[in-house]
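J.: In case you want the letters, here they are:
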Amino acid sequence: MISTIWPLHLRVRSGARLRPAIASAPPRVQDRGNKNGAGARGQMIEMQDAAYGYGAEPLLSDLSLQLPPGSFHFLTGPSGAGKTTFLKLCYAELLPTGGNITLFGHTATGLSRDGIADIRQKIGVVHQDCKFLDHLSVSENIALPLPVTGKGGMAQESNLNELVGWVGLTARAEALPPELSGGERQRAALARAIIMDPDLILADEPTGNVDWDMSLRLLNLLIELNKLGKTVVIATHDLALIRAAKQRVQARVLRIQGGQITAAGADL
Amino acid sequence: MAFLAVFAMALSMAAGRLADRWSDALAQSSTIRISAPPAEMEAQTWAVLTVLEQTPGVESARALSDEDQQALLAPWFGPDLPLDDLPVPQLIEITETADGYDADGLRQRLAAEAPGAVLDDHDRWRRPLAEAAGRLRVLGWLALVLILGATGAMVTLAAQSALSANEQVIRVLRLVGARDSYIARAFVRRFTIRALTGAALGVIVGLLAVAILPSARDTAAILTGLSFSGAGWFWPLIIPPLAGATAFAATRIAAFRTLRSLQ
Chain A
225 MISTIWPLHL RVRSGARLRP AIASAPPRVQ DRGNKNGAGA RGQMIEMQDA AYGYGAEPLL
285 SDLSLQLPPG SFHFLTGPSG AGKTTFLKLC YAELLPTGGN ITLFGHTATG LSRDGIADIR
345 QKIGVVHQDC KFLDHLSVSE NIALPLPVTG KGGMAQESNL NELVGWVGLT ARAEALPPEL
405 SGGERQRAAL ARAIIMDPDL ILADEPTGNV DWDMSLRLLN LLIELNKLGK TVVIATHDLA
465 LIRAAKQRVQ ARVLRIQGGQ ITAAGADL
Chain B
1328 MAFLAVFAMA LSMAAGRLAD RWSDALAQSS TIRISAPPAE MEAQTWAVLT VLEQTPGVES
1388 ARALSDEDQQ ALLAPWFGPD LPLDDLPVPQ LIEITETADG YDADGLRQRL AAEAPGAVLD
1448 DHDRWRRPLA EAAGRLRVLG WLALVLILGA TGAMVTLAAQ SALSANEQVI RVLRLVGARD
1508 SYIARAFVRR FTIRALTGAA LGVIVGLLAV AILPSARDTA AILTGLSFSG AGWFWPLIIP
1568 PLAGATAFAA TRIAAFRTLR SLQ
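Residue numbers (our numbering), protein chains in the order written: chain A, 225 to 492; chain B, 1328 to 1590.
Just chain B, with the same shape it has in the complex (with noise of 0.2 Å):
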């Protein structure tokens, strides 16, 4: 369970990391996209890079060439496509500064200096990829929190288990005086090492088996990202506490449900 807690964790992390790669890409780009007749088409893009430039948070503004729109286009129409014939929207590409740009303040200035000028600053994809970076965070600590239930169901069955195969020797306990937290804590005490133990080599054996992982740097894919970095790799450490914390519960409460049960 350790050694499943841990890949869960990595993956969580990884799918974080991700996201939030994508999310801070774009974040710091943006587009304009002019739609305008031919003969107005390199006024308004003057006018527009004229805009940008005036704009706090702009730190550069670039109109693509016609071999940079051909080669965006050239995945669908391919690589003869003929820009000169067709009405292809010139496109400004906006890179931002860390405090970013009033986008709204800036489509108004558009509007009013080049009203064929789209502002698009990806913010309908950034913040779908913003959610799902949240929700891969969660879904990875909920993985956890289930191992965590499932290591808790299998101690608790464990326990009753146990606390069965010694029904006699709880019973003479009781005769001669035993309270019932004396019986409860041999099988805690147990119980509780046993998780412990169990727990710290599972993370041991699942931290070498993340860590010979083959590494992201060749590609960008989740699965060969699926890693720990910095300080990440500290973060299973806490694996075991929380399997012996669990184990400490169940077997308790497992153990006085079951005494309750013996006069």
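Chain A with its partners taken away, still in its complex shape (with noise of 0.2 Å):
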């Protein structure tokens, strides 16, 4: 019943539909430098032996560690070693049960679900399985943070049309997440993830169903977007992807095992 309102509301206020764009300028997004939405002591964020536990046996402990504004990090493992747990507790989706994780410059524990709000709109995530709404279009999809955060208008809805171009799906933008390939629905992902202007990129997996070409694809957006001066950090287990990056870019690689944290080798 209620499913209905809000497609109608995002309709209302970020644009009925989307006019025909072939732009392929990158997203109008701001190069804020290192500083902006860095807590007190310039880390976005800070976990000082902070630990993480489903049960009474933790998945993560003495977690330690400072991402500073404009580094590019990569989060490796195997599966089930707590990549995702890691970056839920990077937007406060999880709470650490031990030690401290500070989310520019506030704690984590003693956020309120306004303030876990306001840290989520400075963060922008590409889920694994992306978390779509099926009943939008492509392009509500990516504009949803839009209203939620009272920014949306023409300006945005321009940006929107770019921002689409740019992750080149620009013919699919009316189309519903369901009917996207899986490389399409993670660039839809990410153009979400980004619409807001985020201080902070955190992807889980973004090439986990995508094949390589694909893969560097979006890559390269998020190396772009790490240029531009975001913060981002990319929980895979693709260590070919790792190589390709570092390439192209200073990045810090993380390896999670045995639910402890620390810096990869340079075999890396």
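To be clear, the hints were calculated from the coordinates, so they are not data collected in a lab.
These numbers come from a predicted model, not from an experiment.
Even for Gly, the Cβ is constructed at its ideal location relative to N, Cα and C.
Beta-carbon label-pair distances, calculated as ranges:
#1 B/Glu1494 - A/Gly329: 27 to 33 Å
#2 B/Ala1576 - A/Arg476: 49 to 55 Å
#3 B/Gln1495 - A/Tyr278: 17 to 23 Å
#4 A/Pro292 - B/Arg1498: 27 to 33 Å
#5 A/Asp437 - B/Arg1521: 46 to 52 Å
#6 A/Arg476 - B/Arg1587: 33 to 39 Å
#7 A/Trp436 - B/Arg1521: 51 to 57 Å
#8 B/Gln1495 - A/Ser303: 23 to 29 Å
#9 B/Arg1498 - A/Thr321: 20 to 26 Å
#10 A/Asp286 - B/Thr1524: 54 to 60 Å
#11 B/Leu1564 - A/Ser405: 54 to 60 Å
#12 A/Tyr278 - B/Ile1580: 30 to 36 Å
#13 B/Arg1587 - A/Pro292: 29 to 35 Å
In silico negatives: residues of chain B with every beta carbon more than 10 Å from chain A:
#14 Met1328
#15 Glu1380
#16 Pro1383
#17 Ala1390
#18 Glu1423
#19 Pro1442
#20 Leu1469
#21 Ala1470
#22 Thr1524
#23 Leu1528
#24 Arg1579
Both chains are given apart, each in its own frame, so use the hints to dock them into the complex.
T.: Written out as structure tokens, the structure is:
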């Protein structure tokens, strides 16, 4: 019953239909340098002996690291090691069961629900399963954060068109998510993640369901965003992708294994 | 619910009007009963009438004739009752002015002038009627409150159902940075508008139904007097805003309670 409200509402706020766009220019994301959005100590995310467990046994423990603004991180490790859990801790979907996590200068466990929402507006997340609303078109899904944060309007709609073009989905803008291929879904998810011009981009296995060429295309988009000043964290077990990235960007590789996080060796 | 609320309001007002009418009618009249030996009856009757004539607040006083008293007793004893053979007390009917008279003072004067006279100002009848009128009004308004409460409960259940059905949407919205107030607003707006619209339709139909009920002019029964009078026809117009406010509060509480359970 109520499910029909929100699509209608979104159409009102973000425009009924996108005008045809063949733009291939990058989106108008601002280059805000390495200072914007960082906490008092200059870190976007800081973990001090943080731990998390779904039951009595901790899945992650003794996590101590800092994500400075403008940095590029790969997070690797075997399946089930806790990469997704780590990312969820970074956008406060999960709160640490031990230690401390500071998000943009705010202690995660001390955030109110509105505080968490505000933090998430600074973070773009590309989920492994994309988490689209299947009754909304691709463009509406990408524009979803705009009305949510009260930033809809003609200027944002124009920006949306450019963004859709930048990720190469102009021809698929009116398609529904189930009609998209794996690569198209990941690009749409990336577009949704960056439409709010976030300071931090978290990508959970963004190349998990796509071929190598599409993986490189997605990687290029993320590298381009990093060059615009965005902090990027990519969780992946694709070592070839990491090697390809390291040829083009100064990336730090973190490995999660046995519940601990360590810097990866020179083999990467 | 709005339809029922209109009827509850009409019933409350009709009952109040009827009780007021009874109360007012009795409040304007009282009776003096004279029980005396036959030889003193006429003298005491004249004495009472004289006292009443001099009593402020008494508009008129009339000693009931034998025919009047016979008519009063006829329902119990039949039309052929020989009044002359029975020690029937003399009744005097008093009509009061709007300000009324001092009942205690009158009783004292009657005791001095006509020892067999007993004043019945109908207070012991009027008081329960006045109380009944007040309770009927309260019951009518209580029915309205219960109807609003039931409306709130129904809206809460519907809102919780809608929230559960849209849990996936809510989770995605939370992930992209939506505050609870934004999410709740979508539900609150929808349910409030629906409640307002539904209540307005219910009130219109309810008023039409009340309007076509039989008029109270033919009989004085409470059911045939179920209607509004004068400005009372405007009272049902408060039902849609009340229903809207109830839906607003119920949905908002339900939405925030549900949202708090989702991270």
